[in-house]
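**Student:** Spelled out, the chains give:
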Amino acid sequence: DVKVTQSSRYLVKRTGEKVFLECVQDMDHENMFWYRQDPGLGLRLIYFSYDVKMKEKGDIPEGYSVSREKKERFSLILESASTNQTSMYLCASSLAIQGGEVAFFGQGTRLTVV
Amino acid sequence: AQKVTQAQTEISVVEKEDVTLDCVYETRDTTYYLFWYKQPPSGELVFLIRRNSFDEQNEISGRYSWNFQKSTSSFNFTITASQVVDSAVYFCAQASPGSARQLTFGSGTQLTVLP
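Respectively, the protein sequence lines represent chains A and B.
Just so you know, the first sequence maps onto residues 1 to 114 in this note's numbering.
Just so you know, the second sequence maps onto residues 1 to 115 in this note's numbering.
Where hints are given, some of them may not hold.
Said to hold, decoys possible - List of simulated lysine to aspartate or glutamate pairs, DMTMM-like, C-alpha gap at most 25 Å:
1) A/K3 with A/E17
2) B/K38 with A/D28
3) B/K3 with B/E17
4) A/K57 with A/E79
5) B/K16 with B/E59
6) A/K57 with B/D29
7) B/K38 with A/E30
8) B/K3 with A/E22
9) A/K71 with A/D59
10) B/K3 with A/E101
11) B/K38 with A/E22
12) A/K71 with B/E59
13) B/K70 with A/E22
14) B/K38 with B/E15
Stated by the list, open to error - Covered stretches of chain B (in silico footprint by chain A; criterion: 3 or more residues with CB under 8 Å from a CB of chain A, positions within the stretch not fixed):
15) 36-44
16) 72-84
17) 104-110
The set of hints was computed from the structure by calculation and includes no laboratory data.
All C-beta atoms, glycine included, are put in the ideal place defined by N, C-alpha and C.
Next comes chain A alone, as it looks inside the complex (with noise of 0.2 Å):
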């Protein structure tokens, strides 16, 4: 079974903390994502790689950083936290062969910024 595996189920931070999110994959799929869930919003995506240390951003990208130092690690990074980033987040992998995939998810981080 592919395993989506992310560090944390939930996270309590502090404003301007320095908030590090874990994601491994045991599948060795190429692509690696960051969404962010928000109710009535859906999936949005943060940022994805294609390959080790490439990256690029997606639709909300302000905030945060990416990492992916190995093919199945995946990490998101929020440098200074604020209270907006309290959110759902979601990584997911999938193979890169044509586009159009299935993405496996892991099991989400519920982070808290107070």
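Add chain B to chain A, keeping to what the hints say.
**Tutor:** What follows is chain B alone, placed relative to chain A:
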């Protein structure tokens, strides 16, 4: 640009009722893929189905069925004889070949099945 619309924000049904979740998509691509995912309270999105734009045949899997109509740009999902365990948020999504950005999601439909 791609867009996926799920106009139903919340639906409540009583167990054993049939329920249809609507999904309308917009794309200029002639080749594309459509998906449905289920998000139970545990949080993880679970893949349900993928269809490509050249296959308009409806699909049935147990109590689940999907109706793909290119003429109306819709990809609706029906649960027959709903059960309490079907309670979840359901997302429709679209992707196009050659796009590493992957999925464009709708806003989701919260389905509550009451006992």
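**Student:** Hint by hint, note whether the structure agrees.
**Tutor:** Outcome of the hint check:
1. A/K3 with A/E17: Violated. A/K3 to A/E17 sits at ~29 Å, over the 25 Å cutoff.
2. B/K38 with A/D28: holds (24 Å)
3. B/K3 with B/E17: violated (30 Å)
4. A/K57 with A/E79: holds (16 Å)
5. B/K16 with B/E59: Between B/K16 and B/E59 the Cα gap is close to 20 Å, so the pair holds against 25 Å.
6. A/K57 with B/D29: holds (22 Å)
7. B/K38 with A/E30: Distance of about 24 Å is within 25 Å: holds.
8. B/K3 with A/E22: violated (29 Å)
9. A/K71 with A/D59: holds (23 Å)
10. B/K3 with A/E101: This hinted pair holds, its Cα atoms lying about 18 Å apart.
11. B/K38 with A/E22: Judged against 25 Å, a Cα distance of about 23 Å means the pair holds.
12. A/K71 with B/E59: violated (35 Å)
13. B/K70 with A/E22: With a Cα-Cα distance of about 39 Å, the restraint between B/K70 and A/E22 is violated, given a limit of 25 Å.
14. B/K38 with B/E15: Holds, because 18 Å separates the two Cα atoms, which is no more than 25 Å.
15. 36-44: holds (count 4)
16. 72-84: violated (count 0)
17. 104-110: holds (count 4)
Figure legend: structure checked against the earlier numbered hints; hints not met, in rising order: 1, 3, 8, 12, 13, 16.
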